[in-house]
Amino acid sequence: MEKQVQCPKCSQIFSVTGTSGELKNVSCPQCNTVGEVSFSQKEPITPAIKVSNLRKEYGSLVAVNSISFSVNKGEVFAFLGPNGAGKTTTVEMIESIRKPTNGSIHIFGYEGESSFNLIKNRIGILPQEFHSFERLTIRETLQYFASLFEKQANIDEIITAMNLQDDENKLYKQLSGGLKQRVGVAISLVNDPDIVFLDEPTTGLDPKARREVWDVIANLREKGKTVFLTTHYMEEAEYLADHIAIIHKGNLIAEGSLDELIQRYGKGSILKFSNVNFHEISQALNPSGYTVKKTQNHSVSVTIEYKDQILEVLSILRHNAIEFDTIDIHRPNLEELFLQLTGARLREVEA
Amino acid sequence: MNFRFIIADVKVSFKSWIRSKGTVFWTLLFPVLLIMIFGSIFSGTDDISYDLVIQDLDQSEFSESFIKQLNQTSMLRINEIGSSINIEKYMKKEGNFSGLVIPSDFGNSIQQASVNENVSCELTFHYDPSQQTTTSIVQTIISSTLQEYNLAISGGRHVITMQKEETIGDDFEFIDYFIPGMIGFTIMTSCIYGSIERNTKYRKDGILRKMQTMPVSQMDWIISKMLFMLFLSFLSTSVIILVGFFVWNLSINFTIFAIIIIIATSFLFSGMGMIIGRFVKEEETADMAGGAITFPMMFLSGTFFAFDQMPSYLQLIAQTLPLYYVNEGLRNTMIYADMDKTLYFTGFVLAFAFIFFLIGVLVTKWKED
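Sequence order for the protein chains is A and D.
Okay, so the first sequence: first residue is 0 according to numbering that gives the first Met the number 0, each after it adds one.
Okay, so the second sequence: first residue is 0 according to numbering that gives the first Met the number 0, each after it adds one.
Extracted from the complex, chain A is given alone in its bound form (with noise of 0.2 Å):
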């Protein structure tokens, strides 16, 4: 088991492992005090990030409105919703780089703004719609962010795990916005943090960039870092979260890992039929209690409770001779549950 540990006399925050019931000797890597560290067999694990009823007000506006929830360490943390949710201010309220209305926020124990600075050297922060410094090199703006922490990361390692080798020397003005990303991820592991904050680091990239930095994200699981990660992508969550935490106008409406929140929101499968007709397939089914949905252009989709309901429906569209092209049975996905959570697709919250 690990346990962060403060030394006393230089305040320094270290890690130490050991057994359940351990008695452990140790001394602090910066002023060499040494110490003993128990590890009870009662031991509370204590989460990487735990928020509670975290609130925002601007004037009369709610823009976070009671919430609590907690990340725990090693996982990627999904935190999803629309924009305008209040997605941006909760993390800004965690870095402490807002000052919350009401409620605490404690990261690896320590509370509020006061300790915040104890805990600098062990968080990574990727802000919303980072741009660094125009005429650096990638390996320059790495190494001036590097040199302003006590425990620096290997650049060169950085630079390897990003993929960045081939552009180091490259201006970041000359950087596409997929690179420009990706040197925004590197800078937030210039110390080696324990907790990356990336905040919607994939907005308005392109497919193909986009995946290369869902790489780097699913890259810092493996190598065991928690990462909080903001974003209004459902298919981001799904892809890379461990756990998702849904918010939609300041409230926190679903919290779990992925198979948590489908078992818990969404209902049965989904039967997605494309070109058939919404109205005839409408009359057909609603007279039998299914619920139709108009997908995209000329496709539909029901939502079924049990799996023989496959053949009825099937059977009440024959019985009506209602043609379609294909049929695609599903669970639901992210955008579903967000739309049965909220009557509205995601997509239509944003417009």
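Among the hints, erroneous ones may be present.
List of simulated lysine-lysine pairs, DSS-like, C-alpha gap at most 30 Å [what the hints assert, rightly or not]:
| # | chain 1 | residue 1 | chain 2 | residue 2 |
| --- | --- | --- | --- | --- |
| 1 | D | K92 | A | K150 |
| 2 | A | K169 | D | K203 |
| 3 | A | K292 | A | K248 |
| 4 | A | K172 | D | K14 |
| 5 | A | K222 | A | K207 |
| 6 | A | K172 | D | K366 |
| 7 | A | K179 | D | K203 |
| 8 | A | K179 | A | K150 |
| 9 | A | K169 | D | K92 |
| 10 | A | K72 | A | K150 |
| 11 | D | K203 | D | K364 |
| 12 | A | K49 | D | K366 |
| 13 | D | K366 | A | K248 |
| 14 | A | K271 | A | K292 |
| 15 | A | K248 | D | K203 |
| 16 | A | K169 | A | K98 |
| 17 | A | K169 | D | K67 |
| 18 | A | K293 | A | K271 |
| 19 | A | K98 | A | K292 |
| 20 | D | K280 | D | K340 |
| 21 | A | K179 | D | K20 |
| 22 | A | K179 | D | K200 |
| 23 | D | K200 | D | K10 |
| 24 | D | K280 | A | K179 |
| 25 | A | K222 | A | K150 |
| 26 | D | K92 | A | K172 |
| 27 | A | K248 | D | K280 |
| 28 | A | K169 | A | K207 |
| 29 | A | K248 | A | K49 |
| 30 | D | K92 | D | K67 |
| 31 | A | K72 | D | K92 |
| 32 | A | K2 | A | K98 |
These aren't lab readings, by the way, just hints derived from the structure by calculation.
Fair warning: this is a prediction, and the values are worked out from it, not measured in the lab.
Add chain D to chain A, keeping to what the hints say.
Below, chain D without anything else, positioned relative to chain A:
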């Protein structure tokens, strides 16, 4: 204080600056261009003022008639002073650019001129070489009047002549007086726009948010930026002086007070930029706000145009502008070597610097609302 951060940040600022051709141009080459242009224009001509101090040591009816004749040109505002007064000190004290001393043998020479062809008398024209336009016009008026006067008394023979004497120094030219103004102006623009960029562009780009989450204090950030601005101020000052020296044969005194004023000016205008950057959020608006502050100050504070040439109400406005005190402080220490005035203007510059920088530091906030 985090020295490691300060050193790293100054290095980054320098690299960013040197790689921006536009910024280097506006910081170094633009003032050089202005020096060349204005130097060329004003070295041959000058500005206009018509005040003339006359010290009549003769007090005869001839000298009286000559003064009357000068008055009749209606182009001079004559101020007669007593014979016991030191005219140079008087001009310096009252801020007059032109003075004329009529010698005690003026009347006697005119009387003898009709019988003795070798008799002549020499007027002394005292002038401030920093105001060449003004003084050359006054000199021309006096010379024309003298020509008429000589024609009347001796049929054109040069009985009365005039010699010139500088009141300030021996080797100064217009460019010497223009250079301090350019130094003040350049420091002002680079500090104001530099601060504005840091507080608007860096905020927009998320760099300030990023900094806030790093083990760096806001004060360390401000100190590192100020060190870099000081470096830029002295670099641009050196370039301006070097160009002035090699192109215009500049001769000035680079005193400890000049250094104090340059440092204080950097703090003053950086503070002003921090204040603008705090309240103007958009990059484009911030540039306009910077222009709205720097341009009127540039023209009203005697950088390009003589302060005394402006209407009195504009002079009153100019005296409320910090750049006026910077320009005058630099001129008094670098050119006039007037310790009293240097101390006076330096005091104002230091006071302005303290006030603006303190307000700038107090209003600069990394934290979002």
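Results of checking the hints against the structure:
With a C-alpha separation of about 64 Å, the suggested pairing of D:K92 with A:K150 is violated against the 30 Å cut-off. Between the alpha carbons of A:K169 and D:K203 the distance comes to roughly 22 Å, so the proposed pair stays at or under 30 Å and holds. The suggested pairing of A:K292 with A:K248 holds, with an alpha-carbon distance near 24 Å, which does not exceed 30 Å. Annotation: proposed proximity of A:K172 to D:K14 holds, straight-line Cα distance about 14 Å (limit 30 Å).
The straight-line distance between the Cα atoms of A:K222 and A:K207 is roughly 23 Å, inside the 30 Å bound, and the hint therefore holds. For the proposed pair A:K172 and D:K366, the alpha carbon gap of about 26 Å is at most 30 Å, so the pair holds. At most 30 Å may separate the alpha-carbon atoms for a hinted pair to count; A:K179 and D:K203 meet this at roughly 16 Å. Our distance criterion of 30 Å between C-alpha atoms is met by A:K179 and A:K150, whose separation comes to about 24 Å.
A distance of roughly 60 Å separates the Cα atoms of A:K169 and D:K92; the hinted pair therefore is violated under the 30 Å criterion. Between A:K72 and A:K150, the direct Cα distance comes to roughly 20 Å. Compliance with the 30 Å bound is thereby established for this hinted pair. This hinted pair checks out: D:K203 and D:K364 have alpha carbons roughly 14 Å apart, not beyond 30 Å. Between A:K49 and D:K366 the alpha-carbon distance is near 22 Å, which keeps this suggested pair within the 30 Å criterion.
As the CA atoms of D:K366 and A:K248 are separated by approximately 24 Å, the hinted pair is consistent with the 30 Å bound. In summary, the hint linking A:K271 to A:K292 is supported, as the alpha carbons are separated by about 9 Å, within the 30 Å threshold. Taken as a hint, the A:K248 and D:K203 pair is honoured in the structure, with Cα atoms around 25 Å apart against an allowance of 30 Å. Between the alpha carbons of A:K169 and A:K98 the distance comes to roughly 37 Å, so the proposed pair goes past 30 Å and is violated.
Restraint check: the Cα-Cα separation between A:K169 and D:K67 comes to about 77 Å, which exceeds 30 Å; the hinted pair is violated. With a CA separation close to 10 Å, the supplied pair A:K293 and A:K271 stays within the 30 Å bound. Between A:K98 and A:K292 the alpha-carbon distance is near 42 Å, which puts this suggested pair outside the 30 Å criterion. Our distance criterion of 30 Å between C-alpha atoms is broken by D:K280 and D:K340, whose separation comes to about 39 Å.
The straight-line distance between the Cα atoms of A:K179 and D:K20 is roughly 22 Å, inside the 30 Å bound, and the hint therefore holds. The hinted pair formed by A:K179 and D:K200 meets the criterion: a straight-line CA distance of about 17 Å does not exceed 30 Å. Note on D:K200 and D:K10: the hinted pairing holds, with a Cα-Cα distance of about 19 Å set against a maximum of 30 Å. Between D:K280 and A:K179 the CA atoms are separated by roughly 24 Å; this keeps the pair inside 30 Å, and the hint holds.
Of the pairs offered as hints, the one joining A:K222 and A:K150 holds, with about 17 Å between alpha carbons and a cut-off of 30 Å not exceeded. Between D:K92 and A:K172 the alpha-carbon distance is near 56 Å, which puts this suggested pair outside the 30 Å criterion. Restraint check for A:K248 and D:K280: satisfied, since their Cα atoms lie roughly 26 Å apart, inside the 30 Å limit. Taken as a hint, the A:K169 and A:K207 pair is honoured in the structure, with Cα atoms around 21 Å apart against an allowance of 30 Å.
Taking the CA atoms of A:K248 and A:K49, the gap is about 21 Å. The hint holds against a cut of 30 Å. Simply put, D:K92 and D:K67 have alpha-carbon atoms about 26 Å apart, close enough for the 30 Å limit, and the pair holds. With a C-alpha separation of about 77 Å, the suggested pair A:K72 and D:K92 falls outside the 30 Å cut-off, and the hint is violated. Proximity of A:K2 to A:K98 is assessed by CA-CA distance (about 29 Å); at most 30 Å being required, the pair is judged to hold.
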